[in-house]
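In order, the protein sequence lines correspond to chains A, B, C, D and E. Letter 234 of the first sequence, counting from 1, is numbered 242 in the working numbering, and no numbers are missing. Letter 63 of the second sequence, counting from 1, is numbered 75 in the working numbering, and no numbers are missing. Letter 168 of the third sequence, counting from 1, is numbered 232 in the working numbering, and no numbers are missing. Letter 171 of the fourth sequence, counting from 1, is numbered 687 in the working numbering, and no numbers are missing. Letter 167 of the fifth sequence, counting from 1, is numbered 329 in the working numbering, and no numbers are missing.
Keep in mind that the hints were calculated from the coordinates and are not lab data. Here a beta-carbon is modelled for each residue, glycine too, at the ideal position from N, C-alpha and C. Keep in mind that a hint or two might mislead.
As the list claims (entries may be wrong) - When the alpha-carbon atoms are kept at most 20 Å apart in a straight line, the in silico SDA-like pairs for lysine to any residue are as follows:
id : chain 1 : residue 1 : chain 2 : residue 2
1  : A       : Lys234    : E       : Pro341
2  : C       : Lys162    : B       : Arg200
3  : C       : Lys162    : B       : Ala215
4  : A       : Lys120    : A       : Glu147
To be verified - Non-contacting residues of chain D with respect to chain C, defined by C-beta distances greater than 12 Å in every case (computed):
id : residue
5  : Gly580
6  : Gly634
7  : Gly712
Claimed, not checked - Take a look, some chain D residues computed to stay more than 12 Å from chain E by CB distance:
id : residue
8  : Gly540
9  : Ile608
10 : Ala612
11 : Asp636
12 : Thr639
13 : Val649
14 : Glu710
15 : Glu769
16 : Arg773
17 : Cys802
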Amino acid sequence: TGGGSTPTPPATQAPSQGATASANPDSLPRNETLYTTGTQWGPPANFNPIREWDSASGTKGLVYETMFHYDTTAAKLTPWLAASGTWTDDTTYEVKLRPGVKWADGQPLTAKDVVFTFELGKMETIPYHNLWDWLKTVEATDDQTVKFTFSKANYQEWDFMLYTRSIVPEHVWKGRSEKEVLDGVNENPVGTGAYTFMSKDQDRVVLQRRDDWWGKAALNMEPKPKYIVDIATPSNEVAMGLLLQQKLDLSNNFLPGVANLVQGNFGLTTYYNEPPYMLSANTAWLVPNTTKKPMDDPAFRKALASSVDVKKIVEGVYGNLVKAASPTGLLPQWEQFVDQAVVGKSGFAFDAAKAKKLLADAGYKDGDGDGFVENKDGSKISLSLIVPSGWTDWMESARSIAASAKSAGIQITPDFPDYNALVEKRSKGDFDLLVNNERQLSNSPYTYYEYMFQLPVLKQQNTVNFARYENKKAWALVQQLDQVKTDDVEGMKKIASQLQEIHLADMPVIPLWYNGLWAQSSTSVWKNWPAAAGSAPKTGAVMWRNWLELGGFETLTQLQPSGS
Amino acid sequence: MTALQEAEPRERAGVRREALYFAVRNGKLLTGFAIVLAMLVLGLIGPVLIGGAPNEYGTSPMSPPSAAHWLGTTTFGQDIFLQFVHGLRSTFAVGVIGGGIAAVIGMVVGFVAGYRGGVVDEVLNMLTNVILVIPTLAVLLIINAYLGIRSVAVQGLFIGLTQWPWAARAIRAQTFSLRTREFVDLARMSGAGTWRIISREIAPNMSSYLFMTFILLFGGSILIASSLDFIGLGPTDGVSLGLMLQNASQWSALQLGLWWWFVPPGAAITAIVGALYVANVGLDEVFNPKLRET
Amino acid sequence: MLKLDDVTKEFRIGAFGGKSVTAVRNVSFDVVPGEVVSLIGESGSGKSTIGRMILGLNPITRGSITFDGLPVRAGKEYYRHIQGIFQDPFSSFNPVFKADRVFSMIKDTYYPAVPAAEWAERIETSLRDVRLNPGQVLGKYPHQLSGGQLQRLLIARALLLDIKLLVADEITSMLDASTRIDVLNLLAELKARGLGVLYITHDLSLGNYLAERTVVLRGGSVAEMGPTERVFGDPLHPYTRELLAAVPRLHEAWDDAPPSDTCFYHRGGGTGALYEASPGHFVACAGLSDC
Amino acid sequence: MSLLVSELKVYYRTLKGEVRALDGMSFGLSDGEILGLVGESGCGKSTLAKSLIRMDGRMRHAGGRVVLDGEELPIADDRRMNDFRFRKVSIIPQYAMSALNPTRKLRKMVTELLASRGTDVDTAELESRMSQVGLPREVLDRYPIELSGGMKQRMVMVISTLLDPSLLIADEVTSALDVSTQKAVARALLGFRESGYVKSMIFVTHDLALTHHIADTIMVMYAGKLAEKAPADVIVKAPRHPYTRLLLDSLPEVGVRYADRRLEGIAGSPPSLLDPPAGCRFRDRCPIAGDECAQDPPVTELAPGHHVACWKA
Amino acid sequence: MRRYFGRKLLIYGLTFFVAVTVNWMIPRFMPGDPVASMVARASVAKPEAVEAMRVYYNSLFGFDQPLWQQYVNFWGALFTGDFGISIWLFPTPVTTVIMNAVPYTLALIIPSVLLSWVVGNRFGAYAARRKLLDNTVLPLGYVLTAMPYMWLAVLLAWSLGVIADLFPVAGGYSFSMRPNWSLTFALDLVHHWALPFLSLFLVALGGWAIGMRNMIIYELESDYSNYLAALGAPARLIRRYAFRNAVLPQITGLALQLGVLVAGALVTEIVFAYPGLGSLILKAIQNKDFFLLQGTFLFIVLGVLIANFIIDVVYVVVDPRTRAGMAGARA
Ligand SMILES: Nc1ncnc2c1ncn2[C@@H]1O[C@H](COP(=O)(O)OP(=O)(O)OP(=O)(O)O)[C@@H](O)[C@H]1O
Ligand SMILES: Nc1ncnc2c1ncn2[C@@H]1O[C@H](COP(=O)(O)OP(=O)(O)OP(=O)(O)O)[C@@H](O)[C@H]1O
Ligand SMILES: [Mg+2]
Ligand SMILES: [Mg+2]
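Hey, can you work out the whole structure from these sequences and the hints?
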C-alpha cells in the first residue's frame, strides 16, 4: 500500500528533493508541523473524496476542494474553486470557476471537471445520487462556466451541495467504473487543494503543503503549517497525554475534564475559556418512537421533555463542556431563525413538577403506587432508552435521563446495545427511546427540519425521522423551506417559525444538549487559535470531515508559529 | 517403591494434623488468606454498611480523599469508596463464578480423561488442546462483542468456559498417576462404579491440589475479567473493579490528577490476586514436605 | 475352576494405539480349588498382567479366561468369588482415609442389610483369622500401620466375602523376612480350606515354599510349567535353570547357569507350543530331541 | 582398620520429637573388607549409610565419631565433608535407578562431575571399568532413560567408584532387581574390590542369603542398634543373637516347602524409635528374654570378630 | 518421534479447522448485519440507493451465495491468503491491514515473551532455596504477576510518560518521523517500544520466576541432585543440572501461557495506542468489522499454533525423554 509503511532509503530521494524541501522530510521540523487528532479512528483506508464518510482525513478540504466554503459566522457561502455562483433564473444556477486553478498534476481545472463530478452522481450508489431527482442537467457552457438546470430548485439543499461536493479531475477519473468510483482507494489523489499526501501509516497520515497552490495568489491565503500530521485517534486519555506532552497541537477529541486543564497552566486553549468552552457542532436529541404507546401521545412526549434534567447532564456528565439545547434544538449559529415568541409560548424546561402535572392532566396516573405512572388503560409503562454500548458519555447521560424521568414518575431503563444492533433497531423502529445526533451544523436549519419531519415513513428509516413522526403539514413546510432562496432570511424565518410551533406542540424529538465542536489546542508551537475573546479568528478549529469547508481550513491559514 | 517408602516414614504424624501444624505457621499462607479475607469481608459487608447506589452522582465531583469520601469522588461526584466496595463484590463474584465453572469443567474433563484413558482420553485431550491453543481472550473478545455481556454472572460464565483447559490437563496428569494406584483397583473390586471411584477415591487424594487449582483459576478469572472490563467488554450493569479502572482511564483520571480514582481498583485486584498466589505457594509448602523451609 | 485358554494380551501404546506391546502370549493353565499355583518369572514377564486380566481389571486381547465356565465379567457378582491382593500394600489403601474403610466398602456393596453389630463381629473374626489384633488396626490410617498389617488387612477383607479364588500378586515383596513368612503361612492355611490361589512372585523360593504347581513365564509366554517339585527339582527349560541358579542360597555357593546349548529358546514370536515332558510337566521347546 | 565408627548417634528431627534411628553404633571395618548390613526394615540401615557420607536436612549428629583411614570424618559439617566425599567415601544409593540426571548424556555428566571435583576423565579407564561390569562403551553416549534398570545400576556403580574411594557404601543396590541381574551386580561389586577400585565396602541389604555370598562380615542391626556382627559364615551357621537366629529361621530356601516344613516369622513388631524403651530393644519379641534384658546389653566380643549385644548370647 | 509430531500436527490441524469454522460463522450467525451497518454509515437516505448498495455489498462479500458455498469459498480464499476486505477500512484488504500491524505486535510479543521467560527462569532459579532472596524479591514477583496488564501499563504511561516525560505514550514511532533506514529512526522505534515492552515484560517476569522457583526446589530435592551432592559435587553444578530439568516444564508452560500473553499484548497495545493487532482488534470490534476481526483472530490462532509448534520442536530437542519414545504419555 502506501509508500509510508515501507521504509525508503534516504539516498534515493535526498538529492532530487533537496532543493524544494527545506528540511529532511524523514523527520519533520516541529515548528513547521501541525499535529492533529480526532478525525480518523484507524489506519487511513482510502483517499477517495466520494467516500466522504471514511476517506483519510484531509482528502476533502485539504487535497480535494469544493466550489464554495461556508462561513458559519457570517452565514454565507464563500467562493472557493468557484469565483461566483448565481441563480440566473429560478431553476438555473451558473457557476463561474476561478481562473488559474491547477490540479496537482499541472492540468487546469475546467468546467468539464465540475460537470463530470456532478454527473458521477448519476450512479445509483453515489451518496449524492438523489440530487438528480431535482437536477435536470449540468453543462459546461465554456471552460470556466457551469450551468445547472433544475427541475425543482431546492435552494437550501443546493447551497449545501455547493460546499460539500469535492470536485474531482475528469482527466484522471474518466472511465472509472461505478465500483471504482465508490470503492476505489484512489491511491494517488490528484486534487486542487493546498496539501498533498506525503505518507501514511497505521496510525497517521502526513500531509505536505503544496507551495504552488492556486489559493496563495487567488485568495491571498496560505495555510501556515508546512506539514500536517493527523494521528489516528487513540483513546481519549492517550490523546490527552499527548496534548500534555505537547506532542499534539490540536485535539478534536472529546476530552472529558479538559475544562480543568484549560483553567490550569498547561498551555491549552479552547474557543471559550469558560463553559461551554467549545462551539456547538450538533444537537443531541432524545428520540421517542412515536409509533408506540405512550410515545404516540404528544402530551406524554411533552411531559417527558419536561422531565429531563439536562442541566445535570451538562454539569455532571460533561463537566460543562456542552451547552443545554434550546427548546427548538436549533444550534446557536441559527439563533436568528428561532422564533422567541413561539418558544416563550410553548417552550419547555426541566420541571419535574410540571412534568408530573402534564402527565396527570393527560390521564397518566400512578394507579398501583409503585412511583411510576401507567398508561391510560392501566397497563404499565416501562420504556427502554438505548444508546450504543461503549459511548461512555452517552451512557452516563442515559442513566441520568432515566434518573430524572423517575422523579417525574416515568419509568425508563437505560440499555446499551451494541452499535450495530442499535442501528438495526433504529432503522426498523424496534425501540422506545434513543439518543441521536446525526445532523451537524450546516448552512440551513432546513437540514434539521428535514431530519425531524421527512416523509414518507418507510419500513426502514436509515438517516432521518427515526421518531417516525407523521405530519404532512410539517413536511410540506419543510419542502417549502427548501425552496426558499437562501438569501431570503425573512422567508426562511417565517417557515421556520411555523415549524417550531409544530415541533414544540408535538415534540416529535426532544432536544437535549449541543455537542461541542471539540477542539482543544496547545499553544506551545502554534498560536492564534480561534477564540471568542479578542481579535482571534472566529472559525472552528476542526479537522473533522466536512468541517474544513466550514472554517477549519481558514483556521489553518490564520495560525502563527509560537516562536515568532 | 523405595522413594515411596522414604516419603512416608511410618512414624510421622497424621497427614492432616501435620498439614494444619504447618499451615498455621506458614507466613505466606496466613498473609495471603488474611488479605483475601479482608477484601472479601469489605466487599461483603461494605455495601451493606455504607448503603446508597454506587453510581449515584454526588455534589462534589473530583474531590480528593477526605473524611466524607474516604477514597474521594469521580468526575461525576460518585463516591469511590462506595464503588470500590461494590466492585470488590463483583470482582469476587467473577472469581467465584469463573473460577468455579472452570474448575468444575476442568475437573470433570481431567478426571474422566485421566481415569478412563483410551479413546475417551484421546478425544478429551484433543478438545483440551484445541481450546488451549485458541487464544481465549481473543475468543472472549469476540463472544463479548457479539453477544454482549449484561451481568457479572454472564461474564464469569464465559471466562469459566474458556479458562479450564490447563486445569483439565493438570488434573488429568494427576488422575493418571493416581488411577494406577492399587487402591483404585481395590475399590473396583469392591464394586464401586467409575463415578464413585473418581469422587470418593481419587478426588480426596488430590484435594489440596484441586484447591490450589481453584485458587489459580479464581485469580485468573479476576484478571481476565478486569481486562475485558477495561477494553469495554465488561458487564453493562453494575460496578466492578475493572469497570472502575475503565471509567477512570476513559475519563482521564490520571491525566487530570485523580489518582484516587485509578489507583485503588488496580491495587485491590493486584492485592487479591497476588495474595491468592502467595497463599497458593504457602499451601504448596504445607502439603508438600519437600517445599517446606526446614 | 479358573481356566486360562490361550490368553494373549497386547498393550497399545501411543496415540490411538499405534504401537503395541505383547505382554502375555498364548498362555493357558488352570487353577483348581484348594490349590496354589505360583507364577514366577523375571520382572516384566507378564505376571501381573495375567493377574489383572483374571480380575477383570485389564481386558483380554485374545483367548479366554473362564471362571466356573463363565467368562470374566468385572462386576459385583464376579468379585464376590474372586478377589485380588496387590503387590504394594501401601498403595492399596487410600492414604486419606482410615484403613478399615476397605471393609465398609465391601459392606456397602455386598452386605448392605447386615446390622452394624453383626458386621463388626464378622470383621473381628476375619481379623483374628489373619492373626491381627482388631484393637491395634481398626480406626487407623494406613501410614500408621506396618506393611505386614496392611497386607493382612487386605487378606481379611477378601475373606469377608466367601471367595473361591485369590489372586495374590507379589504380596510379600515389601515385607521383611519374618513378616513375609507369616503371610505365606496364612495363605497356606486358607488353601487348606479349599481356596484356590494364584500366587504371583519373582522370588522362586517363595513360590517353591507354597505352591502345588508352578508356571514359569518368560517374555509373556510360558517357558515351563508343572508340579512344583518337578519344575524345581528337574528344570527342563534352560531359563528355569538359569533362574534357579541365580537364586542366592544361604548355604551354597553361587554356581553358574548351565550352558543353554541343549534347548531352543522360545523368545517372543514363538508359537508357545508346549511339550509335555512328563505327566503335567510342560516345557516350551521345539521338540523332545532338543531337550 | 580403615573405618572406625564409635558410639554413633544420629537422630531425625520430627514434629513429635527425635527419631533415634542410630542410637550408639560402634563397629570397625578393615581394609579390603566387605561388610554386609542386614536388619528389619526401618532399623536404621540407610541412616547409617547416609550419615557416613551426607546427612540430609532432618538428620542430626547426636554424638559419636567416625574415623576413616586415621582421619576423623566431619560428618556433621556438610562443607568440610565435601573433601572426603567421592574421594574417600562414596555411595551407591538406594535410589540408583533415578540417580542419573535424565537430561544429560552419561559421558557429559561424568566429565562435568569429575571436572567439578578437579579431575579429568580417563576415558580408557572409564571404559575398562564399564566393560568389567558388562557395559558397552556406547552407553556413555546415551541418556539414562535409554538404559535398563540394571544398566543404570551398574553405571552408577562405575561412576561412584571412579575416584577409587576407600569406603564404598552400597545401599540396597539389588533389591529392585530380578535374580539374574542381582547376581550380575553383586559379582561386579566383588570385582571392584578385587581390582582395588574400592578398599572396603558396606553392603546394605535385607537379603541375608545374598549378603552371605558377597560379604566377609555380616552386621545385623535391630532398632538403631547393633545386634550381632561376625564373619559371614559364622552369622549364617552359628548365630548367637536371638534376633539373628529367628531371622534366619524365617528364610525360605529353594527346596523348603510349606508342606514339608512350616517356617515361622518373628511375632510382634519392633519398638518405636521415637521414644525407644530402655534396655534391650528386642526384649518384647525375644523368646528367651529375661529380667536382665531390662538393662541395655553391652556389645561383647564372643570370639575374635564376633560381636553380640545380648545378655543371653 | 514421528508419532509425536504426527499427533501434534493432528491437534494443530483440528484446532485450525475449528478456529476457522468458528471464525467463518461469526459474521454469518451473529446478530447484526455487517452490510447494514456499512450502508448506514454511508448516510444514504434514498431507499433505492440503500437497496442498491446493499445488493452490491452483499455480492461483494459473497453473502448472496448459499451458506455451504460461502464456507467452501472461505477456505479457498484462506489458502490464497485472502481474508476478505475490511469493512471499517474499506476497501483495504484485511491481509494488508493485518500485515501493517503485525510487525509491531511481533516486536512486542516476541522479545517480551522470550526475555521474560529467560530472565524470569534465571531469576527464579537463583532465588530458590536462598532464603533472603526468596523472602524479599520473589514477593515482588507475585505482585507483578498479579497486576492487571493495563493497570501497570497505564501507571507506566502516566509516570514515565506524561509526568517524567521520558517516554512517548502513543504510536509506533514519532509522529514527526517517516520510516527510513537510519539510526535515529531505529532509536525512535525503540523509544516508543520501550514502555509497552516493559509492562508486558514485567507482568510475565514474575510468573516465570515463581514457577521456576517451585520447580527447581523439587529438582534440588530429587534423587539425582542428592546423588551429585553425595559425591561432593559443588552446588553450582547441582543447580545447573536442576535448572536444565526444571526448565523443561517451563517450556511446556510457555506453550500454555502463549494465549494469555497474546491477550496481554493486545491490552497493552491498546493502552499505549501502539499500532499493532491489539488496537486493530479493538477497533474492529468497535466498528463491527467482521472481516477484519476474522482475519486478526485467524492470524493470532495461526501465530499461536506456529509458536506452539516451535515450542514442541524445541522441547523434543532439549528433552531426551521425548525422543526415547515416551511421547505418548505427554502431549
Ligand atoms: N498399562 C500398560 N500399558 C502398557 N504396557 C504395559 C501396561 N502394563 C504392563 N505393561 C507391559 O507389559 C509387560 C508385562 O508387565 P507386568 O506388569 O505384567 O510384568 P510383571 O511380570 O508383573 O513384572 P514385575 O515383576 O516387575 O511386576 C511389561 O513389558 C510392561 O511394560
Ligand atoms: N526423614 C525422616 N524423618 C523422620 N524419621 C525418619 C526419616 N527417615 C527415616 N526415618 C526413620 O528412621 C528409621 C530408620 O530409617 P532407615 O531409612 O535408616 O531404615 P532402613 O533400615 O534403611 O529401612 P529400609 O530397609 O526400609 O530401607 C525408621 O524408623 C524411619 O522411620
Ligand atoms: Mg508385577
Ligand atoms: Mg533403607
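Okay, the hints, checked on the actual structure:
Restraint check for lysine 234 of chain A and proline 341 of chain E: the C-alpha separation of about 19 Å stays at or below 20 Å, so the hint holds. Taking the CA atoms of lysine 162 of chain C and arginine 200 of chain B, the gap is near 18 Å; set against the 20 Å cutoff, the hint holds. Proximity of lysine 162 of chain C to alanine 215 of chain B is assessed by CA-CA distance (about 16 Å); at most 20 Å being required, the pair is judged to hold. Among the hinted pairs, lysine 120 of chain A with glutamate 147 of chain A is consistent with the structure: their alpha-carbon atoms are about 8 Å apart, no more than 20 Å.
Against chain C, the non-interface label of glycine 580 of chain D holds: every CB pair exceeds 12 Å, the least being about 26 Å. The Cβ of glycine 634 of chain D lies farther than 12 Å from every Cβ of chain C, with a closest approach of about 39 Å, so its non-interface assignment holds. Every C-beta of chain C lies more than 12 Å from that of glycine 712 of chain D, the closest at about 23 Å, which supports listing it as non-interface. With 12 Å as the threshold on Cβ separation, the claim that glycine 540 of chain D sits away from chain E holds: the shortest Cβ distance comes to roughly 24 Å.
Consistency note on isoleucine 608 of chain D: stated as away from chain E, yet its beta-carbon is not over 12 Å from all of that chain's, at 9 Å minimum. At roughly 8 Å, the least C-beta separation between alanine 612 of chain D and chain E is not larger than 12 Å, which violates its mark as non-interface. The beta carbon of aspartate 636 of chain D sits about 15 Å from the closest Cβ of chain E, which is more than 12 Å, so the claim that it is off the interface holds. The beta carbon of threonine 639 of chain D is kept farther than 12 Å from every beta carbon of chain E, the shortest such distance being approximately 19 Å.
With a cut of 12 Å on Cβ distances, valine 649 of chain D stays outside the contact zone with chain E, its closest approach being about 18 Å. Separation of glutamate 710 of chain D from chain E is adequate, the least Cβ-Cβ distance of about 23 Å exceeding the 12 Å criterion. With a least beta-carbon separation of about 34 Å from chain E, glutamate 769 of chain D lies farther than 12 Å from that chain, consistent with its non-interface assignment. No beta-carbon of chain E is positioned within 12 Å of the beta-carbon of arginine 773 of chain D; the least distance is around 40 Å.
No Cβ of chain E approaches the Cβ of cysteine 802 of chain D within 12 Å, the least distance being about 36 Å, so the stated non-interface status holds.
When the structure is compared with the earlier hints, violations turn up for hints 9, 10 and for no others.
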